[in-house]
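Chemist: Chain residues, written in single-letter form:
Protein chains: 2
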Amino acid sequence: MNVSDLEQRRNKILGLIIEAYVVTASPVGSEYVAKKLRSSLSSATIRNIMVDLEEAGFLHQPHTSAGRVPTDRGYRYYVDAVMDPRHLGPEQMRQMELMLQPTELDVDQLLERAGAALSELTQQAAFVVAPTVKQSTVKQIELVPLSVRRILCVLIANEEMIASHVVEIQEPMTKDEATALARFINTEMAGLSFGDLLDSLERRMLAQNDSFYHLVKRSLNILQHALSTEPNERLFVEGMNYVVAQPEFRRDSRKAHTLLKSLDEEHELLARLHHDLGVGGVRMRIGREIQMPGLEECSYVTTPFAIGEDMVGGVGVLGPKRMDYPHIRSCVEGMARCITELLTRWEGN
Amino acid sequence: MNVSDLEQRRNKILGLIIEAYVVTASPVGSEYVAKKLRSSLSSATIRNIMVDLEEAGFLHQPHTSAGRVPTDRGYRYYVDAVMDPRHLGPEQMRQMELMLQPTELDVDQLLERAGAALSELTQQAAFVVAPTVKQSTVKQIELVPLSVRRILCVLIANEEMIASHVVEIQEPMTKDEATALARFINTEMAGLSFGDLLDSLERRMLAQNDSFYHLVKRSLNILQHALSTEPNERLFVEGMNYVVAQPEFRRDSRKAHTLLKSLDEEHELLARLHHDLGVGGVRMRIGREIQMPGLEECSYVTTPFAIGEDMVGGVGVLGPKRMDYPHIRSCVEGMARCITELLTRWEGN
DNA sequence: CGTTAGCACTCAACTATACAGAGTGCTAAC
DNA sequence: GTTAGCACTCTGTATAGTTGAGTGCTAACG
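Going down the list, the protein sequences come from chains A and B.
Per our numbering, residue 1489 is the first one in the first sequence, and the count goes up by one each step.
Per our numbering, residue 1489 is the first one in the second sequence, and the count goes up by one each step.
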């Protein structure tokens, strides 16, 4: 038997142990694995292999006479090299789309429903990182004078993502001036995000010889105020009840307490998710890899969604480390595809 | 000793039992109460009174040889007739205002922070029912044609509460027509809420002889679409971690599960809160009085806040029935006053 | 009649002990 | 490299005994 065969067998056994542990939540013994392998190996041999896996840091023994439990490294190796990725069939995709019932909804409502559906589907908590205008590309800007010194600045990223802010201005502005200013911004800055638009205008402010200096200055002033209270992105979390119902949190309910507390501090999690989503594709973080106090017992699976080609947000599932990674991965992936499709179709018409 | 004296003594003892139970979370015995009363009565007498209180339905005995625990009715009687209402001093109010740090915030962010502060302060979950434009009074409506068949409808309730929606229209509309239509709506309908505005327009549609029939029809068409995806109100919940950390939920963690699950169904709770806030003033609901499955072990204290004279939303605290009602009541009341003041001051300038 | 001391009684909660069973590591044989 | 066999370890559970907080009742007292 060559090395590769041995390794494959080891992987197989690690997979069986993890998959059993995921459903039972209690240590897995050699006898059980031997039975699963239909006696192609005896429990004694399995035990030898389990010792190897423990030495490799993939398994852990709670106490001498107990079965084995996967470690963070074990899960990591499993998702990277062992589990076979499942994919949703077209029928399941259709069902998922149906769950969203995208009639008469704006983007926020669609995403909220997507979170709820994903949570229901996976029986874990689901989260959505929702886009706001700030990081979207400028489609159109409208300036409407409300009174002599107050102007309404409307930022349009697409049909369904609009933000409006009233801005106080120093010098009065006529309706025509406002129209001209808006046209200036629209034509000059198409294709940038609102955030980048600000940067670009700031740079032009510094290059004082710009022939549109005055227009630039006014635009910048108004946009800065308009965007100042606009968040970069928002986070919805749905279905935490499923997570606290898991045995790891029921046994020790202070874990549930700290978990919920950590989630109330959205900013930290958002930063982490932002990074993961930036990489693109499905990302999984397991236990300590999340590097957030209170989430040591958890894992998440997340992937970005897009409008057209632009990655604008992300969806994911959060649960105990002991989660059904293949299933959850396929659900998250499918949901992101589904959202991307709907948003893109929407954007199109 | 006359009847009133006896009743007062009974109340006093009920109060002591509840206040002890609130901090210890375990049944209260006669000995403890006697000690608290500095031996003005013996434990035997207390026991007799406790039997009365139990027969009145205010107390319950988990088992023969245990102390007493308050019932829902007991808490109700306590908050109605026994507890002395505390109020926040001016110093505490000032501190609360400081916690909100109302600089560079829009209404939503202010309210979210208010929820967080209230949760921190009471060490329970806090919620905010936040206003949306839909139920606010119309301050101004702007219509901006974006293209031949698409019009941007901006609904302004006040500086910080604005909603914008793109509406597809059947017949093309010029810029001047849009301006005229907006002016029509603004002058005719000032003082109504956006919801009522719709109703009013609908009524005028039916009275076909209205001289502005055409304007009414167009307005209605546009506003209906603009408001169709706008929710009536939103609910923020902050700090559920404090609640699940309470012993009643730690002992039986399926209670925590069902509690969180019930809260995910926002609509039901919102309806109930809407009713309570409509009454005005501080409202308290205890246990089953909430009439929501999953919240039997909880109570909430809620009170509306206003902009000027208009009640536009509410804040409250949700926790286990075993909560410090006087303290929480004063915090909720103070926070609502604080929010009202800030929003009203804001509106003014 | 309200109050109180005294006392027997009850029941949850804790402790100690024994025991069954699941699972391991090791050894010797194949 | 694999396996049967076996002694060993440790948890979880069941059982019984003990403790102690708290009650209800009764009889006596002012």
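Incorrect hints may appear among the rest.
Pairs involving identical chains hold if they fit within one copy or between any two copies, as the list cannot separate such chains.
Listed below are the simulated SDA-like cross-link pairs for lysine to any residue, each with C-alpha atoms no more than 20 Å apart in a straight line [claimed, not checked]:
#, residue 1, residue 2
1, Lys1500, Ser1553
2, Lys1627, Arg1637
3, Lys1622, Thr1832
4, Lys1705, Leu1715
Hints in this document: simulated from the structure, not taken from any laboratory.
Being a predicted model, the structure only gives us computed values, none of them experimental.
Chemist: Against the structure shown, which of the earlier numbered hints fail to hold, in ascending order?
Modeler: Hint check: 1 fails alone, others pass.
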